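With these hints in hand, go ahead and build the complete structure from the sequences.
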Amino acid sequence: MANYTKRVKYKKHKRHINVGARPGSIIIPDDALPPQITIFSFNQDDLQTSKGKDMKTITQQIAKCTDHTHWIKINGLGDAQLIEDIGIFLGINQLVLEDVVNTHQRPKFDEYDGYVFGTSRIIYFNSENELVNCQFSGIVKDNIIISFEESHRDYFEVVTTRLKAGKGTIRTGGPGYIFYALTDTILDNYFVLLSQLGDMIDQTEDKLYQSPDKTIMFDAQQLKRTLITIRRACWPERDKINDMIRSESPEITKDIKLFLRDAYDHCIQAMDMVESYKEVTSSIIDLYLSMVSNRMNEIMKVLTIISVIFIPLTFIAGIYGMNFSRQDDHGHVIKDNMPELYVQHGYVYALIGMFLIGLFQLFIFWKKGWFNKL
Amino acid sequence: MANYTKRVKYKKHKRHINVGARPGSIIIPDDALPPQITIFSFNQDDLQTSKGKDMKTITQQIAKCTDHTHWIKINGLGDAQLIEDIGIFLGINQLVLEDVVNTHQRPKFDEYDGYVFGTSRIIYFNSENELVNCQFSGIVKDNIIISFEESHRDYFEVVTTRLKAGKGTIRTGGPGYIFYALTDTILDNYFVLLSQLGDMIDQTEDKLYQSPDKTIMFDAQQLKRTLITIRRACWPERDKINDMIRSESPEITKDIKLFLRDAYDHCIQAMDMVESYKEVTSSIIDLYLSMVSNRMNEIMKVLTIISVIFIPLTFIAGIYGMNFSRQDDHGHVIKDNMPELYVQHGYVYALIGMFLIGLFQLFIFWKKGWFNKL
Amino acid sequence: MANYTKRVKYKKHKRHINVGARPGSIIIPDDALPPQITIFSFNQDDLQTSKGKDMKTITQQIAKCTDHTHWIKINGLGDAQLIEDIGIFLGINQLVLEDVVNTHQRPKFDEYDGYVFGTSRIIYFNSENELVNCQFSGIVKDNIIISFEESHRDYFEVVTTRLKAGKGTIRTGGPGYIFYALTDTILDNYFVLLSQLGDMIDQTEDKLYQSPDKTIMFDAQQLKRTLITIRRACWPERDKINDMIRSESPEITKDIKLFLRDAYDHCIQAMDMVESYKEVTSSIIDLYLSMVSNRMNEIMKVLTIISVIFIPLTFIAGIYGMNFSRQDDHGHVIKDNMPELYVQHGYVYALIGMFLIGLFQLFIFWKKGWFNKL
Amino acid sequence: MANYTKRVKYKKHKRHINVGARPGSIIIPDDALPPQITIFSFNQDDLQTSKGKDMKTITQQIAKCTDHTHWIKINGLGDAQLIEDIGIFLGINQLVLEDVVNTHQRPKFDEYDGYVFGTSRIIYFNSENELVNCQFSGIVKDNIIISFEESHRDYFEVVTTRLKAGKGTIRTGGPGYIFYALTDTILDNYFVLLSQLGDMIDQTEDKLYQSPDKTIMFDAQQLKRTLITIRRACWPERDKINDMIRSESPEITKDIKLFLRDAYDHCIQAMDMVESYKEVTSSIIDLYLSMVSNRMNEIMKVLTIISVIFIPLTFIAGIYGMNFSRQDDHGHVIKDNMPELYVQHGYVYALIGMFLIGLFQLFIFWKKGWFNKL
Amino acid sequence: MANYTKRVKYKKHKRHINVGARPGSIIIPDDALPPQITIFSFNQDDLQTSKGKDMKTITQQIAKCTDHTHWIKINGLGDAQLIEDIGIFLGINQLVLEDVVNTHQRPKFDEYDGYVFGTSRIIYFNSENELVNCQFSGIVKDNIIISFEESHRDYFEVVTTRLKAGKGTIRTGGPGYIFYALTDTILDNYFVLLSQLGDMIDQTEDKLYQSPDKTIMFDAQQLKRTLITIRRACWPERDKINDMIRSESPEITKDIKLFLRDAYDHCIQAMDMVESYKEVTSSIIDLYLSMVSNRMNEIMKVLTIISVIFIPLTFIAGIYGMNFSRQDDHGHVIKDNMPELYVQHGYVYALIGMFLIGLFQLFIFWKKGWFNKL
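Chains as they are written, first to last, in UniProt numbering: chain A, 1 to 374; chain B, 1 to 374; chain C, 1 to 374; chain D, 1 to 374; chain E, 1 to 374.
Rather than coming from a laboratory, the hints here were simulated on the basis of the structure. Do not rely on the hints blindly, as some may be mistaken.
What the hints assert, rightly or not - With a cut-off of at most 25 Å between alpha-carbon atoms, the simulated SDA-like pairs for lysine to any residue come out as follows:
id, chain 1, residue 1, chain 2, residue 2
1, A, 51, A, 161
2, D, 278, E, 289
3, D, 214, E, 371
4, E, 335, E, 349
5, A, 254, E, 125
6, E, 64, E, 169
7, C, 278, D, 198
8, A, 53, A, 141
9, D, 254, C, 20
10, D, 367, C, 20
11, D, 167, C, 62
Given the structure is predicted, the values throughout are model-derived calculations rather than measurements.
The structure is reproduced here in structure tokens:
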């Protein structure tokens, strides 16, 4: 984290706009990754895991474990057929499936007959220090939760670890609890991100106080853009959690709502931090700009003092450097021409005069307060 | 899109203000285009199309196809008589017809006895790269939808294509679904526009980082104005869609409302992008201004360092360029006048002195940190 | 409209504050004009007009035309006695009469027992191009509407013309419709004003792109003040119209409410334009300021390049202009003193040296990108 | 009002913070004035006045006039015992009494069992032109109103005059009407203040257009602070009046509520003026800053044009001022050394050359538009 | 408080983020202090105090004093076991305990079955003049209130003093009253802080008027950050108090709600002061920046006037310093070469000419108003 100035980049993928397309069309972006399916089937005592790449993996596992809760974890959305098969298998609306693959959704929570659907934004710095902003979606129906992630990264490792350990409500809370746990992990990662940004702000402020240079504006710009990204994810996330708390779906039990209220508080806290960080970033910029302005002022003062002192002196030297002739073409002395040059001690008097003029000017500047620090 | 600096222009047409005119007056602007009427009459199995320029085309087609849904598509609003005839034919309020021809309406949705009326803003870059902001209005009554567009451009080609293909709900959803499909197409085009703006912002930002020049301010200005235009269309569009969702007109069926909820989400997403783009544009401006300020600072520093170093040296040279005479008019040596000039090695001492003064000044500047990058 | 820079002035009249005065006091400002009364008595078939200056005119006309609607149009509020007589004649609350003469009311609509009262702001550029902001108030009771205007200007000419022509609902809509028509005329005039401002903004923007000078800031300032004035009138006007729509007074019939809804839309549209114009004005200012900043930058660059190139060269010329003597007082050659001056080709070498130094500096500036356009 | 730059000062009194003190503690600030009690006991026909400094004055007067309304006017809060005695006499809650003496309350209106309590901010310029911001509080119970003011100033003179004159509802409206009348007087004085500020703004704007100097920023700063002060008083005042209107206390009769609605309108009008004045002040600052910026620009242009024209010319003069010798030490002519100096008409050619160079530079500047007014 | 520029520092402790951790985990930060337990058991007549470090202290004291109200005051949160034991002893939800140890909560008030939980932010300048922002939490259940503070500082000394004195409701108001008293003390300290900030603002403003220097920007930056911190605590505190007022818990009695309404007013007053202080700080910054800008202007004017006057004069001196020879190599007089130098009174004429040029320039500057103060 030595030099984060060059650090924050944005992984862009083109948005696919199919103007006037039939609503509910499932159109896969070209750069989508092939899906990896992991299924966790668990109850209080048992946990079975299977991996695969197609629909068969899912149907077999669900057929095998009848009294289990199933978490179908799909990493990569590159297979339109799979998404549609899942839609048919569970009876999911086409519009929902479109939202799963069109990965620019704002966080939201929708209730449908027999199932609920939610999305969130996963935001993190990847190993190349690019800011990744991708989509998580989840469908909860009966004893099944399907989670969709864009990348193959094992983002939810902490949740699978807790699941394997089997501690706490995670095995018994049902698919709704898993959905909460995933959302909560995403929120926790916002705090990780905000803590990194907090460090960046501190570094930038230290730089400002110790050795300000023009990278500060770039740093501040990066910070601002990252904060805008987090805020854009956080605001609708709060509304989403609120919708979940007020939801009457059987999937969101009263116990889960208690946890959700906690998540809601975290969300507000994150937004609160974003706003504070934005204000601090703004005041860093203001302070920096005022330092630039002051610096300019100081430079101008040095230039002006030196110039203004020497310009008249140089002029006087120029005067006595003129070649007005003491003699006309006929060799007669022209008495009026620069008599000072021919006077005893003339040179000394000239130097003293210059010195006094310089001194007088310094005195004027001192009176005007130019030697104070404005 | 190589150089979009000169690109965004606004196609202006004068607003016609008829102060104190009777409400409901249909006054056609001078530059309105002559109407082109296209009628699509369709049911699940059949699609008939006819084109024309007057009321007769409409009445004949409607008489002919009795169990069809009719989409009367009117491009060009230059015929007051036609508008009034349609009004009489369908029993439309004069105030509604006035809103159709007075093409500066904000998006809105109004319900009347037996029919509904809605307007939207169509915004796009035309082939001369001018930003066009014109009006779409639609009236839905029974099995008829009439759509009014200002231009002859085939803006809704994608919808007519889907209609001809006959896939999806488009043939069976009734005139309300057509109205939704047109609105949705307009919204999709906002995303096309926003994606173009996103590219412009990226280009401007790249320019800022690579070769900043003063066109950046003009680009930013253009971006801002375009964003203001989209926002002015998007905010009331959201309210309009919301009004449609809460409407109890039989024309807006429950199925359509499901799609409208999707369109509502898109609308919020568009507004969200507009806000983010505005913030990013602002921070580009801030960064650019700080670069200008820094550049000025740098220029001033160079000027000051060079000036301040040479001004005293030039003064010294000036001193020794003075013509104080070594001899008075009588040929006697004046010992006091510039004895330095007659000293062995005087010139070398003078050069060394100047060199040391210059060095001392550089040292002072170095101490003051002027060689650092503020 | 060639030069509107000097154009926007504000006609000020002192506000009269009678601290602690009894509420309902009718205190006439010194500069109020004497009243001119015009009465239009009309029904579907008949229109009678009479003019006068006192109460008698009113009572006679009303006594004469019993089955007519009366519009008592009063221009000029300079006669306290008349106002009080009208109040007694129609049984109007003292607080209402106070609001009529205290012409700094925000637009509002109040319902009283048996009558309604409303005010609006009339805003226009008068023939001396001053921005006039004066008050319109109207009282509607039974079959009578009394309108009060501050000036003698025939502002509502369009309405009286329509009344004389006898077309539309204007003769049959009752006093409430006249009240609506007057309000609507005021609103229409906001659009005239906004259209003038739109032209000014376009002119200012053209000036900015073609020949920016410092009048732009003054223009922008004028635009802003005018926009603030319109906004101050428009916001409460919207609330007023809304109050009228929700009013249950018999004077505001259901038909009038339909028209009022249209006026409400216009009002929002006007506010929308004001906000857009304010944003555009702000961005014009920003652009102008950045141009000033850039201009300064450019000037500094020219100064710096020329200064920095010539300062060292002039110094060198100064060196060789020094008068270090080749001979001491005894006529011996001092070999060390400026031997360059006595060398074959010395002058040519010096010129070449200066030329190379200048070239080197230009190269440095070119490397630093000073010849690019920041 | 010739020079109000030095005018706006803030009379500060230290806020007394008694951390963790028992709520309801009556702690008198050190600089509080001793109380002056004036009692007006009146009914329609009679008005009796008595003055005093202690509780006895109050009890005697109330005992004496049984069928009167009593207005107990207390100027100066320096006697904790008196405040407590009044509290006990009328059965007032300790928290209310604390609010009376802790004179930093925001305007508010609270209802208690059997009495109501309200505070407002009295704001005015005193005779030393300091902005005074002190507290008015009033308690209305049965037929008694007690008003508390911080200063001995006869701020409510207009109300006592009306009371003595006995005109209007003031004698018969009960203590609630007196409370309204006092509040209304305070509001009227906001308009006096705003009118003074309006004059100041006009003066500042005139100064800006005629002879701008740096006092403008100080003036604007003063205006802003004063506007902030008024706004801080006005916003909660509006809520307070609204609370009074919706109050169901018998002290606030229906008639009074009619007047309060008028006061409410005044309050909104005052806030509206404050907001406009703030915007105008801001745009004065913007305009001034842009003038400073333009002035700098102009100065830089003059400096640059003069410098850039003369620097090369001076360099050329410097060249021909060099002392390259025409003869070497041995008296041989060195042909190469400055042959220009020995040429017929050399001097004239040099002068012409300099003149042409200067002209050429002027032409370049003219081409660059430096002689236009940016 | 002589120099508070270097004063405001922020005591930072790292936030501990346990991504995906089981909700309700009690994880103690490394820098948490060991707990000090003080128990006050009191009724109207009796007050018993005991101190300790573990659970036993608590259970013994509670067992001993059965008809007392217990205030368990815990300073330092470094013992996870203790927190958990207290949780088990009183039956407190794990999520609540997590909020107690995770000391970055926003102020909030939550009701649970049988107990209530609230947090506030304690903000003060410690003896090293660092701004400390730490957490207070309180749990009220039956006759017990447990308060948790992060530091060992005796922040609530005033409350314990009042408790020992036994005056007022503090002994009889129950644990809810103690909770109110602690919250109120925290609020009172906000006013202490705001009063310190008010002094700082006054000092900064004085500095601005008397001897402005660049520390002003740093001071303003510090003020702003401190104000942001207070506002972040104050806004949710207001909501919290409001929640308490609307709470139906038996712990918050009707009497306490009366006091809470008072605290609510204080909270709004504090927020109001924060907003005013922010505006004043902003306008100080604006004024300072304008002073910097004016100062620059003044410096530039001096530089320009002196430079522009002397540059042409020095050029003329340079001209007459040129060495154009009066004789060609053959000794012939070259009449054209600088004849001015050989003219009678030439030198005097030259000096007079220079003087007139300088005078003319001064006249031009005076005409341009450069000697006015812009």
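Consistency of the hints with the structure:
1. Distance restraint check for residue 51 of chain A and residue 161 of chain A: the Cα-Cα separation of roughly 16 Å lies within the 25 Å cut-off, and the hinted pair is therefore satisfied.
2. Distance restraint check for residue 278 of chain D and residue 289 of chain E: the Cα-Cα separation of roughly 19 Å lies within the 25 Å cut-off, and the hinted pair is therefore satisfied.
3. Taking the CA atoms of residue 214 of chain D and residue 371 of chain E, the gap is near 13 Å; set against the 25 Å cutoff, the hint holds.
4. For the proposed pair residue 335 of chain E and residue 349 of chain E, the alpha carbon gap of about 20 Å is at most 25 Å, so the pair holds.
5. Our distance criterion of 25 Å between C-alpha atoms is broken by residue 254 of chain A and residue 125 of chain E, whose separation comes to about 43 Å.
6. The suggested pairing of residue 64 of chain E with residue 169 of chain E holds, with an alpha-carbon distance near 24 Å, which does not exceed 25 Å.
7. Note on residue 278 of chain C and residue 198 of chain D: the hinted pairing holds, with a Cα-Cα distance of about 23 Å set against a maximum of 25 Å.
8. Under the criterion of a C-alpha separation no larger than 25 Å, the hint pairing residue 53 of chain A with residue 141 of chain A is consistent with the structure, at around 21 Å.
9. In summary, the hint linking residue 254 of chain D to residue 20 of chain C is supported, as the alpha carbons are separated by about 21 Å, within the 25 Å threshold.
10. For the proposed pair residue 367 of chain D and residue 20 of chain C, the alpha carbon gap of about 66 Å is over 25 Å, so the pair is violated.
11. With a C-alpha separation of about 34 Å, the suggested pairing of residue 167 of chain D with residue 62 of chain C is violated against the 25 Å cut-off.
The earlier numbered hints that this structure contradicts are 5, 10, 11.
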